[in-house]
Each structure stands twice: as structure tokens, then as C-alpha cells.
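Engineer: Please dock the two separately framed chains into a single complex, following the hints provided.
Which chain is which? The protein sequence lines are A and B, in order. Per our numbering: the first sequence = residues 1 to 99. Per our numbering: the second sequence = residues 1 to 265.
Check the hints yourself; a few may be wrong.
[Stated by the list, open to error] What follows is a list of derived Cβ distance ranges for each label pair:
{"id": "1", "chain 1": "B", "residue 1": "Ala100", "chain 2": "A", "residue 2": "Arg74", "range": "11 to 21 Å"}
{"id": "2", "chain 1": "B", "residue 1": "Lys144", "chain 2": "A", "residue 2": "Glu35", "range": "27 to 37 Å"}
{"id": "3", "chain 1": "A", "residue 1": "Ser58", "chain 2": "B", "residue 2": "Arg61", "range": "21 to 31 Å"}
{"id": "4", "chain 1": "A", "residue 1": "Asn69", "chain 2": "B", "residue 2": "Val160", "range": "39 to 49 Å"}
Please keep in mind that the hints were generated in silico from the structure rather than gathered at the bench. Remember, predicted model here, so these are calculated numbers, not experimental data. All C-beta atoms in this analysis are idealised placements derived from N, C-alpha and C, irrespective of residue type, glycine included.
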Amino acid sequence: MQGDSYPENPFELFGPVIRWVEEYLERDTRPLALELELLYLNTSSIRAMMEIFDLLESAHGRGRAVGVNWYYDRNNERVAELAEEFKEDCTFPFAILAR
Amino acid sequence: MRKDHADLEARIEALLGDAAYSGHPLREALDSLWQYTSQQLTRLERVSHVSDEFQAMARERELGLIERYDRQVGRMSRAARISDLYQKMLQDLNRTLREASYRDPLTGLFNRRLLMDRLKEESLRAQRSGHGYVLALLDLDDFKGVNDAHGHDAGDRVLVETAGIMRGAMRDYDLCGRWGGEEFLVLLPDTRYAEGYEVLARVLAAIRQHPVRYGDRFLSVTASVGLAVYANGENYTDTLKRADRALYVAKRQGRDRLVDESELS
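Only chain B is shown next, with the shape it has when bound in the complex (with noise of 0.2 Å):
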């Protein structure tokens, strides 16, 4: 196509510039034409030229665009990972304090906000369902004797090694914390009067048979108890005071024993 353009061009070129036909109206007429249709020509092409160049700029523009999108977009899905990762680590640390504010730092049984917490809920649960439960109070004996006599080193170590002998002589749901000073609070849920002594006997047996090592002396330990059972619809500071009285009645009688609230006067 190309060939045959050019090759028009110049037969018409050729005819205008030849002094033959000049004064010929049809090279007159011919003349106009061709002058008419380059002048279009032209315009055509810039028209084109034009369209072409918005086309080039608007496919760059395009592309920018695409580029930044796809840059914002990483930058979120980085920003969201990493805010994800924040998250977790507050949740675990959340629970790390959770775990820590109801529990004794020394020998890691439950502290006393925990057990008043547990003790108003077995409450509760106790009036609902109508199954009591047994609440001791377990002092160790002569423990400011242990503490004078080797030091405080010596009272932790009694401590630590009692709540482990208590924990591994009680039952899986037993709850065992410790209420204050070398006093443990032990609650038995849905437990009656007979089975809870039979428990706190064993823990009181497994106490004295195991003697705690402190360096190269082992140091013989007792403890005393206060048993009180839930009475339904009272309060659980009730049992807890009756829990108490029975335990001041088993240091006075003594001390290494067990008194429940019954022997109460």
C-alpha cells in the first residue's frame, strides 16, 4: 500500500509540474484536490499524533498507579502481620499476669484472692445444688521456731516443701492456697463431713512423715487443722470462722491433730 501511495504521489506531483498541461482547467481542479487532501492529511496525523501521546501518558499514569497501590497494599498486609503479632504477645503477657495475681510467688499455690474468689463461687454453687462443701484451715506448728532456729531461708524452704506434700495428698479438684503467713486454706467442693476428715488426715500424716531437708539437717514438721463444713444459705465467712475456732481449739489441745467444728463449745 505503501508503494502504490508513493508511487501516486509522484505520478501527480510529475502531471502538476509538467508545462504541458498548464491551463488545463482539470490540472486546475487536480491541483486544488491535492493541495486539499494533504492539508487533511496533516491534520489527520496530529489528530493521531495527539491521541497517541494522551495514550502513552495515560498507560504510564496507569502503571504509577499500579505500582503504588501494590506498594500501600504490602505496607498494610506488613503493618496488619505485625500488628497481629502485638496482639498475641499482650494476650500472653495478659495471661502471664493473670496467672501470677492469683497465685503465691514462694510456693506457687493459689493466693488468697484467688480462694475468696473460689470461695464465694463454691458457695453459690453449693445453695444451687445443695451439696456442701468442707473448708479447713491448716497452721503449721511452731513455725516461728523453725524460722529462729535456722533462719528464714529455712521457714521458706518448710513452706514450699508443705504445699507440695499438701497438693500431692489431696484430690485433683481439691483446692489448696495459701490464706496468709504459714496458714493454707484447703476447700473440697461437693465434699461431706466424713470424706473431707479422711482427706485433711492424710495430708496431716503425709505433713509429719516427711521431714524437710534444709542443707544437711532435716527438720521434722506438724500442722494442725480446722474443719468446718458449708451449712447451706450461710455465709462463707460463717464456715471460715467456725474453720478458724476449730483450729485455735487444735493448737490449744496440742497442736498435730484435727479438730472439726463439731468439738466446738
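With the rest of the complex left out, here is chain A (with noise of 0.2 Å):
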């Protein structure tokens, strides 16, 4: 997922990426790995984020192989520290990269 996000209806954006996660982690075995480049994020986008992190993080308890890259442009340092915030609660690989 890369960009900005602040949609008119979170849960249409968002509803269909949760259920794909959920159901993905739930009846898959394979590993799963989220590449982020995300720029803004309203309020509600930052909620989306935070359940599907969540999902990995109980994925990761479950012994699941999950991971995240979250990509930020060196010149936008502020992305990086709000990167860290989502990383904050998870145990799961979580990276947060230069480009």
C-alpha cells in the first residue's frame, strides 16, 4: 500500500483489506509480508492500520511467518517517527527503511 489515505468512507477503502488479511492469515499457511510507502493517514486510516497490525500480531503469536516494510523517503523524516509509533505494540518483524 503506498500513498495518502483519507477516504470519505473508511470502511469501504479499508473493510475489504481487513477481511483479505483475516481471511488470508486464517485459512493460508504461507507467510505474509506488507509493503508500506504511507504518507498522511486521517484518524480512521490510522485505526485500519492499527487492526490490521493487530491481525499480524496475533498471526505472529500463532507462530505465523509476518512481516512489515514500511518505506519512507530520507528527506521526510517524520514519516519514519510515525512509523515507530505503529511499531510501537508489535512483536512481528517491522522495518522501517530509507529510499
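Structural biologist: As C-alpha cells, then:
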């Protein structure tokens, strides 16, 4: 996922994404790697991302291979700080990488 | 109490079991009473058991609710904190963009957009207060010659240096910007002609006295200035036109000089 996110209806946008992650983690056994390059997120998008990370966290707790790579522009360190905030409660591999 | 109960139970069981009392009307009555009592007891026990079950279940559910509630509150406050950080980031980004939108990237001076806004503002202020402003257009002499002889990097160097010299020679509240190419605009708010003339003469002298170092060379730079005073009530574009014509006269008279609108024929 990449870009800015401030959807008018966050459930319409993130609902299917969250469902997909949920179902994939339940039905499949293959690893899941999330590639993110997110800039601006509004509050509902933040909630949605937290929900996705929660799903990854519990899958990680069950021994599933999951991970996040969050890329940011090295000219915008603020994005890295925000990614750190998301990472705080995650015990699965969560890399914050400058581009 | 338990002990008493057990004793009573044993005594009654013994009496009811004793063949000696069989047929006695009190034995029958006691037997009925005893059966009734134990039935009631069973019922009571069942009721209290069910009630206990309910209590345990309710407590468990309550605990679950509290836990879930706490988790949601925790998530919400984290989301709010992250959201605040995003807002802060946008705010800073806005400030940077605003700053960039009114600065000339090469010299760091204000750009034409900001100068136009300030000219409008200052004109309105002058109309209200009756105190006019002095407007000057400053153009570097033979800038094309510098570019041709030493390249565009040298030209850029001259522009940057001149911008610094101009800023240093002016008062804090004077406004200086890049009007375009090698042309600068100077706006001296709440200033009379004589004062304005003095400031611009100082600027010209400073430019003349500070050759610009480029590599191991020193490039001497001069500039010409056209100066006009805002006439109360007029549109700033008219002031600008007079300054521009004065600048043209300065160039025609041989450059490196200051011409004001009174010299316009």
C-alpha cells in the first residue's frame, strides 16, 4: 500500500483489505509480507492500519511468518517517526526503511 | 451449627428407624415432616446453586467487558496520538510550502508573488494613514556580460551576493525581493522621498564597493535604480510604471546611478 489516505468512507476502502488479511491468515499457511509506503493517514485510516497490525500480531503469536516493511523518503523523517509509533506494540518483524 | 444439624439428622433417622415406635401417630407425623423438610432443602440448594452459577457467569462477562473496553480505550488514545502527530506533520509541511511559495529559491529573497501582495497591502495602508511608501526597481548593469564572459554559475553567484549586500544595506522593515531576472524590487514602507533616496544610494554604493568573488576572480558589479513615491490614492501599478521609467532613464544616462521620477520628462 502506498500514498496518502483520507477516504470519505474508510470502511468501504479498508473493510475488504482487513477481511482479505484476516482470511489469508486464517486459511493459508504461507507467510505474509506487508510493503508500505504511506504518507498521510487520517484518523480512521490509522485505526484501520492498527487493526491490520493487530491481525499480524496475533498471527505472529500463533507462529505464522508475518512482517512489515515501511518505506519512507529520507527527506521526510517525520514519516519514520510515525511508523515508529505504529511499530511500538508489534513484536513481529517491522522494518522502517529509508529510500 | 453443622455438628448440631448432623446430630439432629442422626437422632431423627434413628427414631424413625426404631421398630419400637412403628404405628405411633407421632412417628408418622415426624416421618412426613422429615420428608417435607429434606425436599425443601433440596429445592433451596438447587435455587442457590443456580443463583451462584448466574453470579459467576455475570462476573466473568463483566470482566471480559472491562478488558475489552480498556483495550478499545487504549487503541483509541493511541490512534488519537498518532493522528495528532500526522496533523503536526501537515502543519509543518504547510508552513514549508507557504515559505517556499513566497521566496525566490536562488537568492532567498521574496518573490514577485509576495511583492505584489505587499504592494497592494502597503498601498491600502498608505491610503488609510496618509504616509506613502518609496518604491525602487534595481537592475544589475550588464548582467548579460557577466553570464557571457564567465558562465551562468557566475551570474547566479552575482545574484546571490547582490541579494545579500542589498539586505545588509537596508533597514529591518524594508522589503527586498527578486522581481525577475536580474531585476530587484525594493519597498520602503512609511518612508518619505529623501529617506528613500538615502537608503537606495547606500545600497548602490554597497554593491559598487563589493566585487563578487567567483573562483579566483573578483567581478565588479554595479546597478541602476529607478525610484518612485506612492501618490496617495493611485494604483500601485502606476507607481511601479514610474519607477520602471526612471530605471530606464538611469540606464540611458550611463548606468550605476539612481534616478527618481522627478527626472522623468
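Engineer: Of the numbered hints stated earlier in the document, which are not met by this structure?
Structural biologist: Going through the list in order, the structure violates hint 2 alone and respects the others.
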